[in-house]
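Going line by line, the protein sequences match chains A and B.
Heads up: the first sequence at position 243 corresponds to 243 in the working numbering, and the numbers run straight through without jumps.
Heads up: the second sequence at position 76 corresponds to 76 in the working numbering, and the numbers run straight through without jumps.
Derived by calculation from the structure, the hints in this document are not laboratory data.
Ideal Cβ placement from N, Cα and C applies to all residues, glycine included.
One should not assume that every hint holds.
The list that follows gives simulated cross-link-like pairs (lysine-lysine, BS3-like), each with its CA atoms no further than 30 Å apart [what the hints assert, rightly or not]:
#1 A:Lys-145 to B:Lys-54
#2 B:Lys-5 to A:Lys-308
#3 A:Lys-96 to A:Lys-145
#4 A:Lys-145 to A:Lys-114
#5 A:Lys-201 to B:Lys-54
#6 B:Lys-5 to A:Lys-257
#7 A:Lys-257 to A:Lys-308
#8 A:Lys-35 to A:Lys-257
#9 A:Lys-96 to A:Lys-148
Per label pair, the in silico range of CB-to-CB distance [what the hints assert, rightly or not]:
#10 B:Gly-16 to A:Ala-67: 51 to 57 Å
#11 A:Val-310 to B:Gly-16: 27 to 33 Å
#12 B:Thr-80 to A:Lys-308: 23 to 29 Å
#13 B:Ala-77 to A:Arg-249: 22 to 28 Å
#14 B:Ser-18 to A:Glu-72: 50 to 56 Å
#15 B:Gly-70 to A:Lys-12: 46 to 52 Å
#16 B:Thr-80 to A:Asp-311: 18 to 24 Å
#17 A:Glu-202 to B:Pro-8: 37 to 43 Å
#18 A:Pro-233 to B:Ala-48: 44 to 50 Å
#19 A:Lys-30 to B:Gly-16: 47 to 53 Å
#20 B:Gly-16 to A:Met-17: 49 to 55 Å
#21 A:Glu-312 to B:Pro-8: 21 to 27 Å
#22 B:Met-1 to A:Glu-286: 34 to 40 Å
#23 A:Leu-313 to B:Ala-77: 30 to 36 Å
Not the full set, but computed from the structure, chain A residues with beta-carbon under 7 Å of chain B [to be verified]:
#24 Asn-133
#25 Gln-216
#26 Leu-226
#27 Gly-229
#28 Ile-231
#29 Ile-237
#30 Leu-239
#31 Leu-240
#32 Lys-243
#33 Leu-245
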Amino acid sequence: MEGRPALTQPRKCCPDMIGIIGSTPMVELKHLSPKESVRVFAKLEFYNPTGSVKDRIAKAMIEQAEADGAIEPGQTILEPTSGNTGISLGMICRLKGYPLEVVMPENVTEERTKLLHMYGAEITYSEGSKGSNGAVELALEMAGKDPKYYMPYQYGNQANPDAHYNGTAPEIIDELGTDIAAFVAGLGTGGTLMGNGRRLKENNPGTQIVAAEPLQGEDVQGLRSLEDGFIPPIIDISLLDRKILVSNRDGIVWTQKLFFEEGIFAGVSSGAIASVAARIAGELDEGNVVFLVADDGWKYLSTDLWIKSVDELENVDSTVWW
Amino acid sequence: MAKVKIPPVLRPSVSGMSEVEVEGSSVGDVLHALAEQHPETKEQLFSAEGDLNKYVNVYVNDEDVRVQDGLETGVAAGDTVVILPAMAGGSSSPA
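Let the sequences and hints guide you as you build the complete structure.
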């Protein structure tokens with residue numbers, strides 16, 4: 001800048017927090033791998049700036065919309081989320097000057113609400129008994145009625161899987177080459193599994209792509225009929241080799257194991273995903289299994305899940321954990 | 001006999017039960033047996049062409065049959081068949 005003395009440019013410093021998204025570390029699970037000939041690795045996505053994998057897709061969706069000329073600063077962004085995508089958008093939209101509104105089920109943990117408010121997001125709550133389906137339905141309705149909104153819509157936005165195809169998967173391949181027997185991630189929008197799955201299959205067609213799917217508690221299955229069901233448009237189920245249901249209880253037990261046995265302070269979906277990774281590892285004779293740790297444990301601290309047994313915890317089945 | 005777990009959205013069609021035991025050696029057999037015992041479930045489970053309805057997910061011992069052999073997926077005595085509506089996941093953790 002004119003009049004300012006020339007300073008030494010740092011070699012790796014990012015211009016802002018958005019610039020440090022991605023390039024997350026991977027760590028081996030020495031204690032939870034069921035056999036010596038199979039190595040289990042966790043890709044730690046909580047190293048992203050807001051503590052979750054969703055920073056990658058929020059950045060990709062906003063930058064894609066900017067590149068397409070669909071948004072400019074001042075435009076209101078609207079998104080249905082059960083928390084992490086909203087928080088990622090909160091940070092990015094604040095830095096870039098976009099007002100943010102999120103639609104979220106009323107029964108998520110309180111940390112998510114607080115963080116969203118801190119980033120200046122406005123929250124509209126959807127009916128808790130409808131889980132994430134309710135948030136999607138309400139956000140689509142709001143966006144349809146009011147042209148002031150731009151909705152990235154993570155469930156249907158190709159920038160979501162592309163963020164993984166171009167980011168997460170090449171990072172994993174950089175670590176392990178073609179020697180990846182299985183990749184395990186959680187099934188939410190489908191973006192993580194589709195983007196990583198496509199790239200990892202191109203890298204090695206023998207890599208198994210495994211989805212860990214939340215068994216939503218009955219209290220959040222409040223559909224009036226099956227026609228209220230929802231399949232995210234970006235999901236191509238033919239890319240999956242396995243799709244395994246995990247209960248909230250198993251997710252919580254494994255979240256505790258990750259913390260106490262491996263020192264990984266992760267959220268409940270990561271526990272669920274780790275349980276599936278261990279199951280797949282147990283079925284293999286040898287090879288590397290990579291699973292994705294989607295977020296850290298801070299946003300669940302109020303639930304006491306690391307200091308109580310799963311039987312002592314409240315609202316295990318009525319909370320939207322992921 | 002396989003144990004079939006019924007989601008809340010289908011319970012009005014099976015006299016309110018949350019679990020039903022039926023015979024069958026494949027997912028198709030089991031679901032057809034269920035539909036025979038409880039006819040109101042038939043059009044909710046199957047499309048007019050006889051396929052599994054789009055918004056119905058079926059799991060045998062926690063694994064989705066759509067990524068296995070669909071209605072041909074084998075069911076052994078004592079297996080648990082779970083029927084669930086397709087739901088939006090969230091966030092990968094919350095989110």
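Evaluation of the provided hints:
1. At most 30 Å may separate the alpha-carbon atoms for a hinted pair to count; Lys-145 (chain A) and Lys-54 (chain B) meet this at roughly 28 Å.
2. For the given pair, Lys-5 (chain B) sits about 29 Å from Lys-308 (chain A) by alpha-carbon distance, which is consistent with the 30 Å threshold.
3. Only pairs whose Cα atoms come within 30 Å are accepted, and Lys-96 (chain A) paired with Lys-145 (chain A) is accepted, the gap being roughly 25 Å.
4. Distance restraint check for Lys-145 (chain A) and Lys-114 (chain A): the Cα-Cα separation of roughly 28 Å lies within the 30 Å cut-off, and the hinted pair is therefore satisfied.
5. For the suggested pair Lys-201 (chain A) and Lys-54 (chain B), the alpha carbons sit about 26 Å apart, so the restraint of at most 30 Å is met.
6. Distance restraint check for Lys-5 (chain B) and Lys-257 (chain A): the Cα-Cα separation of roughly 29 Å lies within the 30 Å cut-off, and the hinted pair is therefore satisfied.
7. Of the supplied pair hints, the one linking Lys-257 (chain A) and Lys-308 (chain A) holds, its CA atoms being roughly 13 Å apart against a limit of 30 Å.
8. Pair hint Lys-35 (chain A) plus Lys-257 (chain A) holds up; C-alpha atoms about 17 Å apart against a cutoff of 30 Å.
9. Simply put, Lys-96 (chain A) and Lys-148 (chain A) have alpha-carbon atoms about 17 Å apart, close enough for the 30 Å limit, and the pair holds.
10. Evaluation of the 51 to 57 Å hint for Gly-16 (chain B) and Ala-67 (chain A) yields a pass: the beta carbon distance comes to about 53 Å.
11. Checked against the hint of 27 to 33 Å, the pair Val-310 (chain A) and Gly-16 (chain B) passes, with Cβ atoms roughly 28 Å apart.
12. The hinted window of 23 to 29 Å between Thr-80 (chain B) and Lys-308 (chain A) holds, with their beta carbons roughly 28 Å apart.
13. A hinted range of 22 to 28 Å for the beta carbons of Ala-77 (chain B) and Arg-249 (chain A) is consistent with their spacing of about 26 Å.
14. Between Ser-18 (chain B) and Glu-72 (chain A) the CB atoms are about 52 Å apart, so this pair conforms to the stated range of 50 to 56 Å.
15. Roughly 50 Å separates the CB atoms of Gly-70 (chain B) and Lys-12 (chain A), a value that falls within the hinted 46 to 52 Å.
16. Evaluation of the 18 to 24 Å hint for Thr-80 (chain B) and Asp-311 (chain A) yields a pass: the beta carbon distance comes to about 22 Å.
17. At about 41 Å, the beta-carbon gap between Glu-202 (chain A) and Pro-8 (chain B) stays in the expected band of 37 to 43 Å.
18. About 23 Å separates the C-beta atoms of Pro-233 (chain A) and Ala-48 (chain B), a value inconsistent with the hinted range of 44 to 50 Å.
19. Against the hinted window of 47 to 53 Å, the Cβ-Cβ separation of Lys-30 (chain A) and Gly-16 (chain B) comes to about 49 Å, which satisfies the hint.
20. Hint check: Gly-16 (chain B) to Met-17 (chain A), Cβ distance near 52 Å, so the stated range 49 to 55 Å holds.
21. Roughly 26 Å separates the CB atoms of Glu-312 (chain A) and Pro-8 (chain B), a value that falls within the hinted 21 to 27 Å.
22. Hint check: Met-1 (chain B) to Glu-286 (chain A), Cβ distance near 38 Å, so the stated range 34 to 40 Å holds.
23. The hint said 30 to 36 Å for the Cβ distance between Leu-313 (chain A) and Ala-77 (chain B), and at roughly 34 Å that hint holds.
24. Checking Asn-133 (chain A) against chain B: minimum C-beta separation of about 5 Å stays under 7 Å; hint holds.
25. With 7 Å as the threshold, the beta carbon of Gln-216 (chain A) comes within range of chain B, its nearest partner Cβ sitting at about 5 Å, so the hint holds.
26. Hint on Leu-226 (chain A) holds. Least Cβ distance to chain B is approximately 5 Å, under the 7 Å limit.
27. Given the 7 Å rule on beta carbons, the hint for Gly-229 (chain A) holds: about 3 Å separates it from the nearest Cβ of chain B.
28. A cut of 7 Å between beta carbons decides the hint on Ile-231 (chain A): the least distance to chain B is about 5 Å, and the hint holds.
29. Look at Ile-237 (chain A): its Cβ gets to within about 6 Å of chain B, closer than 7 Å, so that hint holds up.
30. Nearest Cβ of chain B to the Cβ of Leu-239 (chain A): about 9 Å, over the 7 Å cut. The hint is violated.
31. About 5 Å separates the beta-carbon of Leu-240 (chain A) from the nearest beta-carbon of chain B, less than 7 Å, and the hint is met.
32. Checking Lys-243 (chain A) against chain B: minimum C-beta separation of about 4 Å stays under 7 Å; hint holds.
33. A distance limit of 7 Å between C-beta atoms decides the matter here; for Leu-245 (chain A) the minimum to chain B is near 4 Å, and the interface restraint holds.
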